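Whenever a hint applies, use it, and build me the whole structure from the sequences.
There are 4 protein chains.
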Amino acid sequence: MRYTLFGESHGPAIGIVLQGVPPGLYLDMDFIASEMARRAPGASALSSSRSERDVVRVLSGVFEGKASGSPLCGLIENTDARSHDYAATRWLARPGHADYAAHLRYKGFEDYRGGGHFSGRLTAPLVFAGAVAKLALRGRGIEVFAHIASIAGIEDASLDLASPDAGRLRDVGRGPFPVLDEARGDAMRQAILEARAAGDSVGGAIQCLVLGLPAGLGSPDFDENVESLIARHVFSIPAVKALEFGTGKAFASMRGSQANDSFVPSRPEGGPVTATNNNGGLNGGITNGMPVAFTVTIKPTPSIALEQDTVDMRSGQAARIAISGRHDPCIVPRAVPVVEAAAALAVSELFGVWL
Amino acid sequence: MRYTLFGESHGPAIGIVLQGVPPGLYLDMDFIASEMARRAPGASALSSSRSERDVVRVLSGVFEGKASGSPLCGLIENTDARSHDYAATRWLARPGHADYAAHLRYKGFEDYRGGGHFSGRLTAPLVFAGAVAKLALRGRGIEVFAHIASIAGIEDASLDLASPDAGRLRDVGRGPFPVLDEARGDAMRQAILEARAAGDSVGGAIQCLVLGLPAGLGSPDFDENVESLIARHVFSIPAVKALEFGTGKAFASMRGSQANDSFVPSRPEGGPVTATNNNGGLNGGITNGMPVAFTVTIKPTPSIALEQDTVDMRSGQAARIAISGRHDPCIVPRAVPVVEAAAALAVSELFGVWL
Amino acid sequence: MRYTLFGESHGPAIGIVLQGVPPGLYLDMDFIASEMARRAPGASALSSSRSERDVVRVLSGVFEGKASGSPLCGLIENTDARSHDYAATRWLARPGHADYAAHLRYKGFEDYRGGGHFSGRLTAPLVFAGAVAKLALRGRGIEVFAHIASIAGIEDASLDLASPDAGRLRDVGRGPFPVLDEARGDAMRQAILEARAAGDSVGGAIQCLVLGLPAGLGSPDFDENVESLIARHVFSIPAVKALEFGTGKAFASMRGSQANDSFVPSRPEGGPVTATNNNGGLNGGITNGMPVAFTVTIKPTPSIALEQDTVDMRSGQAARIAISGRHDPCIVPRAVPVVEAAAALAVSELFGVWL
Amino acid sequence: MRYTLFGESHGPAIGIVLQGVPPGLYLDMDFIASEMARRAPGASALSSSRSERDVVRVLSGVFEGKASGSPLCGLIENTDARSHDYAATRWLARPGHADYAAHLRYKGFEDYRGGGHFSGRLTAPLVFAGAVAKLALRGRGIEVFAHIASIAGIEDASLDLASPDAGRLRDVGRGPFPVLDEARGDAMRQAILEARAAGDSVGGAIQCLVLGLPAGLGSPDFDENVESLIARHVFSIPAVKALEFGTGKAFASMRGSQANDSFVPSRPEGGPVTATNNNGGLNGGITNGMPVAFTVTIKPTPSIALEQDTVDMRSGQAARIAISGRHDPCIVPRAVPVVEAAAALAVSELFGVWL
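Residue numbers (this note's numbering), protein chains in the order written: chain W, 1 to 355; chain E, 1 to 355; chain Y, 1 to 355; chain B, 1 to 355.
Source of the hints: derived by calculation from the structure; they are not laboratory data. One or more hints might be untrue.
Chain copies aren't distinguished; within one or between two, either way the pair holds.
Each computed SDA-like pair below joins lysine to any residue, with the alpha-carbon atoms no more than 20 Å apart [what the hints assert, rightly or not]: (1) K66 <-> Y26; (2) K66 <-> M29; (3) K107 <-> G216; (4) K107 <-> E64; (5) K66 <-> A13; (6) K107 <-> L350; (7) K66 <-> A33; (8) K66 <-> D28; (9) K66 <-> P22; (10) K107 <-> P23; (11) K66 <-> S315; (12) K107 <-> P265; (13) K66 <-> R113; (14) K107 <-> P214; (15) K107 <-> L92; (16) K66 <-> G24; (17) K66 <-> A162; (18) K66 <-> A136; (19) K107 <-> Y26; (20) K66 <-> A87; (21) K66 <-> G108; (22) K107 <-> R53.
These numbers were taken from a predicted model, which means no experiment stands behind them.
Pasting the structure below:
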């Protein structure tokens, strides 16, 4: 399953073309809508006031409710594009945004309104594609879950990566603010509100698990290794700045005897399992049958009301910029389904379609 | 510039084919040999006792000392392959290694001796390819540096990512144990020796900088974005388990007002620069003209002398394994040129070859 | 420039996503509409009675009339989809069509109506993409032309491939039935009408030239060689069954002394040129500065009114099928802009976008 | 299965890296050697006097005689490289060769000796890779055959593409000059000897069949369609200038009623078959279960003893060139295993390796 994203925040529509969807896959539009709703703005008091419902119109690749196997195009109309909001800051490079990099890359021809093709809005078609991938994976007994690992330095409870509780993950995942520990979730929400009150924003992290992947998928070789595959997908999500597999960064201060996942002969019918899962289900770029686990860091929303230093890209002069209003002070909760989508799409690439 | 690695630890030879090397590039074999020496085992008391000199024989793609533009194959003979070392543990899955994953992936036909195609030895041709890429980048004024960011929890001094001192990085990079702060380097070495004495190993982290990259390279789109490109390359290095751009994981507990890199009009002839470089030189998947900076976490060497639990892959029975001798208790110092090589190769992909 | 096609003949819309369009390219919508009109059905008494105007709605990648450099999606609504036409023959594999192959490939889930994703209608977005590519190539002084080389065994006049008359090709290309020799064109039209009267169809061939390509583009290596690149694109056009470069099949009965294109020092400022152009502007997979010339064979339209033997795919029983009415008895004239589009897209891949 | 070729005619060695070889595949080195011998020069009085035995040394990817699943590198030393032969004509662009195109592409840094990377000698590693692919396909009941379709205008007997005699093809393929009709083969040989006596060369064509491919492999989409896949591979063979599927170019003068392959319910257990096989086993880019058949045109060897016009690339002055001695007056017989190899590799790409 491969995808091609298109669209800009303030153009007529955004969308995605998915290739390699297995023919016969039932496109459960209720499930898809529920996934879209998890990412959509306006779901809570914490998020952007832009209120688009993100209804996906499937233009191709589905026949009588099921995937036909041909390229599947999902289209989302932009219904709340207020382009007059952006003209005033046309030439001011917003700190933390891609305005300046894009200006050079696209030689001044980029659609600058609302971030254009760089807008977080482009994660909506990604969630659609992820929902299709999840439906395909579900048929193979594979599930993808994610929770908020931290916001503003407040960490969620930690998961046992070797034997996570799928039922609990499923329940947690249903809510708009998926945390394992509700008390810590309250603290996170409080931190978000405080940041917003200060005209500021906060960052965080998301942990994602893929359960049910068989052992033996992937390769140590460049472009087939599962870490590379997942990395390619998650770093395509705006605002992701770090990626850790399993124990991740903590490996740096561990000893081998702690870090190694020893094998135990626990499965009656299957192969050995590991007692711990520091490696996040991957050895040598190949799945080892344990849950695949990774964590991404999401930087704070760069759009903040506080005034910042910048430069006018036309004149080269110093300037000040404050970005008004409609932005999420923390995109981490809404990014949860996006990270899941990237994981689902990455993992789908491990399966050939033809034979 | 693209590459294809081949070879196994205990086969006759390992090597790499490089495509897209710019015709006319002078292949400075002294520089290449010095890069190979940085990675080679046996350079210090701290490393593996396997002592292969890793001489690269260039079989193609070079004519009269310069790249011809055709595929360039570099071959390294395996001269110290003692296969009898490995037969005893044929069926025991070494914890933290790919043995079990590979066994399933390759259906029992994998070359298990010394890790086979999964061996860290495969990083030798990668360093060769990286050296070629560095020579090509140098012609464009681009340099790649790395230092040991931490070992066993001991952190090196931190770098100013917005205006690093290239001269100092160049000096530091020449040594076999590249750290900014020698006192901390001593402490790291001490920790390595302690781990070795305990039959154990330690992990660490490497920070890499690419200086001189022009702004405007890359794309937000999947597979062209610079984060994805670098990620794909570094996760192909065995033992890399985390990747952070710029400030990386620390973004998770920052506010937007701290995290954003404000713009200042400092370059007389060029565009704006940023006062800080938390984003590691990348916005929206595109270079912004600041140093590209990333950090990778290297897990502790999984081969340790301490006895560990494992499973016999043939019988499914529990067993114990202790891995004797020749392994580095810490591969971080030798991984420094490997990470640089991956960065050089990734960045080379940003430049088209034809026009 | 790369593309992703989507859509089915009887779905809501068909379209294409184009990546790598150079930012700043003015999207001349009049030119694009004129290209679309060349392919559209209903242009003459000779073609299908399906009458869709094929208006392209650009959904992304264009800002203020110019390409922004982001993925460009062009959408064409299906306004004349009469699905009731096709239900009767649901299970009958039409000879010469992909029905049976698709039935196995997509396991019975394919959209069978009007050929679905296999429909010749999918060439409409291809012509749109080709028009964009032509606009980009024109800025580099590169032009693409094609004419009908033969229909029903009647051959057009032959072109001097070493020094074709660009002005004449430009004029010829403007008409709905592009031939060099109008008398032979009349004979071709007559043959088409006769075939139609007989309930049958005819095949033909199209010769395409790319003028203005600089020498030195391409590579002998797999996937970069220009013959492979063009082949990949033209064989994606339904009904193309043969591809010849330059003198093509006639090489088989030539001697080397006839076949070789000798070099002559004719260009004052440039390099040598060849006296003949049997090689179609390509040696070793690389452009040599001469016109790139190739010819494709288009098989007769498989949809014919004459009754043919077939099999019911559900029951496995023998059956008879006659395909009524709206089909072109010869698609060669309408395929001319499609072949040009494939050539323009293939050649566009030779140019890097970034530097 | 994907491949990367490397090497030059007069360098130390040429070779290939094969990725995706199925683990466990027994590497029958006798079969491989017999395939290499079919292509090797010096096999008959008709071919080049260069006499290299083309022994392949397998450097990686094979363990205990079987493919390990890791990248497989096959290396062939160049033992008969007489570079002094070529220095005299360093700056003369040989007509019909890539010298001039390569000179521009590689900016004068190409290895010009004996054609360098463009040499027909690079087809040796391709035949090796093809032999590996054939071994893999044989395990699935798929066989690849080719015969000389014509030389110097003399055509071999024609094959029934709908039900070819596999046994006879197998027998024919064993000989050094594979034709169906020996009398016509004699006439071809006579034509070759006449051309050689005249200091000239002749071209020809090769027809290739793939038997046993299941129906339903491929896709109409760009890059997955079987015609595109085969085209990409065969146009990577030097001297191939045309490619026809099934009836090929003859489609241009046929009517639909003749061209269409009607379906008949002949297989007891399988699906329908076609009564004829004009489409060469492919509809809409997908296999239909019939033999996949294609024909390639091989241009006459450009190296001829007759004097030809050329240009000195350094001075730009007109010159004359006659190419002495060791070249085949007709490479068609030796190209037969090369075309088979390309077909085997192309078809291997249709099968996923993992699941």
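Between K66 and A162, at a C-alpha cutoff of 20 Å, which is it: within one copy, between copies, both, or neither?
-> neither (35 Å within a copy, 35 Å between copies)
If the cutoff is 20 Å on CA atoms, where do K66 and A13 land: within, between, both or neither? Let me know, please.
-> between (24 Å within a copy, 17 Å between copies)
20 Å Cα cut-off: does K66 pair with G24 within a copy, between copies, both or neither?
-> within (5 Å within a copy, 37 Å between copies)
When no copy is named, should K66 and Y26 be tagged within, between, both, or neither for a Cα gap of at most 20 Å?
-> This pair counts as within: shortest intra-copy Cα distance 4 Å, inter-copy 39 Å.
Homo-oligomer pair classification [P214, K107; C-alpha up to 20 Å] = Intra 46 Å, inter 14 Å, cutoff 20 Å: inter-copy only.
Check K107 against P23 for me: Cα-Cα at most 20 Å, and say if that holds within a copy, between copies, both or neither.
-> For K107 and P23, only the inter-copy Cα distance (7 Å) is at most 20 Å; the intra-copy one is 41 Å.
Taking 20 Å as the upper bound on the Cα-Cα distance, should K66 and P22 be classified as within, between, both, or neither?
-> within (9 Å within a copy, 33 Å between copies)
Quick one: K66 to M29, C-alpha cut-off 20 Å, is that within a copy, between copies, both, or neither?
-> Classified as within; 10 Å inside a copy, 36 Å across copies.
20 Å Cα threshold - placement of R113 relative to K66 | between (36 Å within a copy, 15 Å between copies)
How do K107 and L92 come out at 20 Å by Cα distance, when the copy is not named: within, between, both, or neither?
-> For K107 and L92, only the intra-copy Cα distance (15 Å) is at most 20 Å; the inter-copy one is 43 Å.
Pop the pair K66 and G108 into one bin, within, between, both or neither, using alpha-carbon distances up to 20 Å.
-> Classified as between; 11 Å across copies, 42 Å inside a copy.
Are the CA atoms of K66 and A33 at most 20 Å apart within a copy, between copies, both, or neither?
-> within (16 Å within a copy, 34 Å between copies)
When the structure is compared with the earlier hints, violations turn up for hints 11, 17 and 22 and for no others.
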